[in-house]
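Q: This is what each chain is made of:
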Amino acid sequence: MNPSRRSFLKTSGALIVGFSAGSLTVARAQGPLQGSPAMNQLDSWIAIAADGSITAYSGKEELGQGISTAQAQLVAEELSVPFNRVKLIYCDTALTPDQAHTSGSQSHPTNFNSGNLAQAGATARELLFRMASERLGVPADRLTASDGVITNGSKSVTYGQLVQGKKFNLALDPQAKRKPASTWTVLGKPIARPDLPDLVTGKFEFVHNVRLPGMLHGRVVRPPLVGATVGSVDESSVAGMPDLQKVVVKKNFVGVVAEKPWQAIQAAGKLKVTWNPGPPLPDQATIHDTLRKQPARDTLMVDSGDVDSKLSGAAVVKATYLHPYQMHGSMGSSCAVADVQGEKATIYSATQAVWYQKNTSAMILGLKPENIRVIFRRGSGCYGVNGADTVTYDAAILSQAVGKPVRVQLTRKDEMAFENYGPAYAIDQRASLDPSGNITTWDHESWSPGLGNRPGTNRPGNIITGSLLGFPPADFAPRSPAPPPGAFNNNSNAVPSYFAAGTGTVRSGRVLTHAVESRFWTGPLRSPARLQNTFAHESFMDELAARVKADPVEFRLRHIRDTRLKEVLQAAAKTANWETRPSPKAGNRKTGTMSGRGAACVLYEGDNGYTALVAEIEVNQDTGKIVVKRMVASSDVGPISNPDGLRNQVEGGALQGLSRCLGEEVTWDNEKITSVDWRTYHSLPLGFEVPKIEAVLINRTEGEAMGAGETSITLVAAAIGNAIFDATGARIRQVPFTAERIKAALAARA
Amino acid sequence: MAITLKVNGRTHTLDLDPATPLLYALSDDLQLNGPKFGCGLGQCGACTVIVKGQAVRSCVTTVKSAEGSDITTLEGLGTPEKPHPIQQAFVDERAAQCGFCLNGVIMTAKAFLDKNPKATEAEIQQAMSGVLCRCFTHVRMLRAIQMYGKAVAR
Numbered sequence: 001m002n003p004s005r006r007s008f009l010k011t012s013g014a015l016i017v018g019f020s021a022g023s024l025t026v027a028r029a030q031g032p033l034q035g036s037p038a039m040n041q042l043d044s045w046i047a048i049a050a051d052g053s054i055t056a057y058s059g060k061e062e063l064g065q066g067i068s069t070a071q072a073q074l075v076a077e078e079l080s081v082p083f084n085r086v087k088l089i090y091c092d093t094a095l096t097p098d099q100a101h102t103s104g105s106q107s108h109p110t111n112f113n114s115g116n117l118a119q120a121g122a123t124a125r126e127l128l129f130r131m132a133s134e135r136l137g138v139p140a141d142r143l144t145a146s147d148g149v150i151t152n153g154s155k156s157v158t159y160g161q162l163v164q165g166k167k168f169n170l171a172l173d174p175q176a177k178r179k180p181a182s183t184w185t186v187l188g189k190p191i192a193r194p195d196l197p198d199l200v201t202g203k204f205e206f207v208h209n210v211r212l213p214g215m216l217h218g219r220v221v222r223p224p225l226v227g228a229t230v231g232s233v234d235e236s237s238v239a240g241m242p243d244l245q246k247v248v249v250k251k252n253f254v255g256v257v258a259e260k261p262w263q264a265i266q267a268a269g270k271l272k273v274t275w276n277p278g279p280p281l282p283d284q285a286t287i288h289d290t291l292r293k294q295p296a297r298d299t300l301m302v303d304s305g306d307v308d309s310k311l312s313g314a315a316v317v318k319a320t321y322l323h324p325y326q327m328h329g330s331m332g333s334s335c336a337v338a339d340v341q342g343e344k345a346t347i348y349s350a351t352q353a354v355w356y357q358k359n360t361s362a363m364i365l366g367l368k369p370e371n372i373r374v375i376f377r378r379g380s381g382c383y384g385v386n387g388a389d390t391v392t393y394d395a396a397i398l399s400q401a402v403g404k405p406v407r408v409q410l411t412r413k414d415e416m417a418f419e420n421y422g423p424a425y426a427i428d429q430r431a432s433l434d435p436s437g438n439i440t441t442w443d444h445e446s447w448s449p450g451l452g453n454r455p456g457t458n459r460p461g462n463i464i465t466g467s468l469l470g471f472p473p474a475d476f477a478p479r480s481p482a483p484p485p486g487a488f489n490n491n492s493n494a495v496p497s498y499f500a501a502g503t504g505t506v507r508s509g510r511v512l513t514h515a516v517e518s519r520f521w522t523g524p525l526r527s528p529a530r531l532q533n534t535f536a537h538e539s540f541m542d543e544l545a546a547r548v549k550a551d552p553v554e555f556r557l558r559h560i561r562d563t564r565l566k567e568v569l570q571a572a573a574k575t576a577n578w579e580t581r582p583s584p585k586a587g588n589r590k591t592g593t594m595s596g597r598g599a600a601c602v603l604y605e606g607d608n609g610y611t612a613l614v615a616e617i618e619v620n621q622d623t624g625k626i627v628v629k630r631m632v633a634s635s636d637v638g639p640i641s642n643p644d645g646l647r648n649q650v651e652g653g654a655l656q657g658l659s660r661c662l663g664e665e666v667t668w669d670n671e672k673i674t675s676v677d678w679r680t681y682h683s684l685p686l687g688f689e690v691p692k693i694e695a696v697l698i699n700r701t702e703g704e705a706m707g708a709g710e711t712s713i714t715l716v717a718a719a720i721g722n723a724i725f726d727a728t729g730a731r732i733r734q735v736p737f738t739a740e741r742i743k744a745a746l747a748a749r750a
Numbered sequence: 001m002a003i004t005l006k007v008n009g010r011t012h013t014l015d016l017d018p019a020t021p022l023l024y025a026l027s028d029d030l031q032l033n034g035p036k037f038g039c040g041l042g043q044c045g046a047c048t049v050i051v052k053g054q055a056v057r058s059c060v061t062t063v064k065s066a067e068g069s070d071i072t073t074l075e076g077l078g079t080p081e082k083p084h085p086i087q088q089a090f091v092d093e094r095a096a097q098c099g100f101c102l103n104g105v106i107m108t109a110k111a112f113l114d115k116n117p118k119a120t121e122a123e124i125q126q127a128m129s130g131v132l133c134r135c136f137t138h139v140r141m142l143r144a145i146q147m148y149g150k151a152v153a154r
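Heads up: the sequence lines are chains A and B, in that order. Numbering-wise, the first sequence is residues 1 to 750 according to this note's numbering. Numbering-wise, the second sequence is residues 1 to 154 according to this note's numbering.
Check each hint, because a few of them may be wrong.
If you want the footprint, here are the derived chain A segments under chain B, 3+ residues with CB under 8 angstroms [claimed, not checked]:
#, region
1, 300–312
2, 564–578
3, 670–680
4, 683–694
Calculated pairs, DSSO-like style, for lysine-lysine (alpha carbon to alpha carbon, straight line, at most 30 angstroms) [claimed, not checked]:
#, chain 1, residue 1, chain 2, residue 2
5, A, Lys692, B, Lys118
6, A, Lys251, A, Lys404
7, B, Lys118, A, Lys585
8, A, Lys293, A, Lys270
If you want a taste of the chain B side facing chain A, the calculated C-beta under 10 angstroms gives, among others [claimed, not checked]:
#, residue
9, Thr79
10, Gln88
11, Ala151
Keep in mind that the hints were calculated from the coordinates and are not lab data. Beta carbons are placed, not taken as given, at the ideal position from N, Cα and C, and that holds for glycine.
Build the full structure now, drawing on both the sequences and the hints.
A: The structure is reproduced here in structure tokens:
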């Protein structure tokens, strides 16, 4: 835990987005945007009506992980009422505080510790007890609360009677005490998500189902090639098409609006646009070499200063790990509805940041932010910056052009070809070992491309629509050599867990990152950079263990200082009945189908969730096909808010990680993206041989709440790669682990 | 032209281009939330409806070809108050994250199991091979499907 960073996150509101540490990261650096309900006022978070009903307001939204259920549990717990008495309203710029993005596994750290929503709950409870004490003439410590009633056994008063629907007019009290986790009766329980019955019966309203009176349907016409610009648009090509309302061209943005979706689709398909191609794309086969040759922005995360001297002359273990661009690939293509009427706009969006969407929509529309209301409606699971923000701009621009509400949903191809991908990585690792098999020095160097990002407060050009409208993406400023390392921060997990600066014991080490420019849009994809870095670290750790013929779990444990990281690894190993021995497995033949196991562990972001994973697999050495039989994922994220929700995240993360590890890869030719549907981008379907998944949950009731949405996914590629090595003696160092790559690794083994 | 669609037991006459994909008639004209646009290519399952007992991808089925058939959408199975047994199985197993794929998962599994009540695990896997869930709630969804399968087989 890094207390300074954690308290920094807790106390400040907004985010600055930019390049850092060779990856796209976000760091909070400013307060909430103008117009946001005051973060330090109780009324911004909680209201109690005269009938005693409780409404909570949050700036952290439900994206599908169950966080809205956990937040309602939190407020119900602090106010001693049943779960269903709390109504939670989140992410509406007219109603809720600006808590920046709902992202980065920050909803728990932000709202479940000692600030914001949790502190509002504690402040409200203490206030209600003070009011009841005064009203009943009974000392507060003789009172108890249950179901919205405060009593000393003989006299009682309800919350509704105390507050009478009035405002509290009270600042959040930093001294107000949270209820200890050991006493919880609502929070910490596996309460079912209240949205499930509506979801399974088709009653639930996604942003895709928002229907406004007089709403029209828009369709965008994206450039067919990467970097292409509009030459000309021949509006006569669609003249007379039924129900077509308008063709809209603004710089390189092209779209159509029609009465109905099918007419809009046909018009968009028929509209003749000539495009000027962009510069040719780099060859995909050699992209990782290309990254190394580009101008770079260099950052030193750690440098003990002795790495070169310690590695020279020593027996050095070296390996290079490669990761592809991958996409969010949301199940439903992104959709938004905007109603721009003159100077005012109301926007329904699945954005992860309603307040930032409000600011940047104002920029693209040329309106004042205070005249725009952005209302979050759930979209298809996003896993980061998918097309939700860009389609919101699309809908806003088209609505402004016709002065009526417009709904836009992207095509599958437009979603996949222009989203902000999780970036490719090339990572070199070098290390030396002492005669007793301990790591003496570790050198890490990575190259990763970036272009754009989340729009943040003022960068609509960080995503495709803003760029087409003429807004520039965030600047790229090459810098070499890197300045000396700043204060230690392992937000991107660029630093291996085994470094003494973090959770480990290795004192001699260097981590150097090179951020370079990308031809494709990039941005946070679930476990951004952390996943790619951890794949390299945890695979390399296994290679080092094998070099000294040590058991991979034991080898990790002896290089870890942090007891919680040790314990989470031991918990996974124990549940998996881990057999202590070196890899590869003695006696395995080099033909046929062989089984093996692999482990990995990490403290996510250096302070935001302990996790370990053991994978058991079978490799068919004739076909290169692997089958994952079992995954045991352990998790220690502090006090557990909802064990069923946590389990769901651990399970889903493990399988999403498996899909990314085995098949997911953005592809392109010399001018365009070619992975544009589910035939060309490979997601594991419902019908694959799903492994048994066991979630091992460690509940630390005394600790701080950490994030859990990105933990298990971070470890999958390394654990699977390590299991392949255990089964076969072949090391695979490039994601995805296709059958061809596994066969090549098998052919190359010693 | 006038197109007559029988959806969830009710008959609707709509003025539509006969080439319109059925999905748009359901989600736009009839304002149903169950069937969803996922890919428009018949590759993910999000738009699935049941026609004559078969799971059909409404994004690649024209309204003309669906005329006269009984079309069932997710809404036609049950309501939050009175869910169909397969919907109840998904609630019981808490088998959702974002929930966008549920329509395709539930409708595909229902159509298959109703026709093949004695299906093995491998056969269910095969039946679900063209359905996606990008949140990867597979473990819970497959448990819910098997729970429904057991109820149908009884």
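Q: With reference to the structure, classify each hint as holding or not holding.
A: For each hint, the structure was consulted:
1. With a cut-off of 8 angstroms between beta carbons, the region 300–312 of chain A has 0 residues touching chain B; three or more are needed, and the interface restraint is violated.
2. For the region 564–578 of chain A, the proposed coverage by chain B is not satisfied: 0 residues have a C-beta within less than 8 angstroms of a C-beta in that chain, short of the threshold of three.
3. Proximity of the region 670–680 of chain A to chain B, defined as three or more residues with a beta carbon under 8 angstroms from a beta carbon of that chain, is established by the 3 residues found.
4. Coverage of the region 683–694 of chain A by chain B holds [criterion: at least 3 residues with CB-CB distance below 8 angstroms; count 9].
5. Distance check on the hinted pair: lysine 692 of chain A and lysine 118 of chain B sit about 23 angstroms apart at the alpha-carbon level, within 30 angstroms; holds.
6. Of the supplied pair hints, the one linking lysine 251 of chain A and lysine 404 of chain A holds, its CA atoms being roughly 22 angstroms apart against a limit of 30 angstroms.
7. A C-alpha spacing of about 40 angstroms is found between lysine 118 of chain B and lysine 585 of chain A, which places the hinted pair above 30 angstroms, so the restraint is violated.
8. Proposed proximity of lysine 293 of chain A and lysine 270 of chain A is contradicted: the alpha carbons are some 42 angstroms apart, above 30 angstroms.
9. For threonine 79 of chain B, the interface hint holds, the least distance from its beta-carbon to any beta-carbon of chain A being 6 angstroms, beneath 10 angstroms.
10. Interface restraint check for glutamine 88 of chain B: the shortest CB-CB distance to chain A comes to about 8 angstroms, inside 10 angstroms, so the restraint holds.
11. About 15 angstroms separates the beta-carbon of alanine 151 of chain B from the nearest beta-carbon of chain A, more than 10 angstroms, and the hint is not met.
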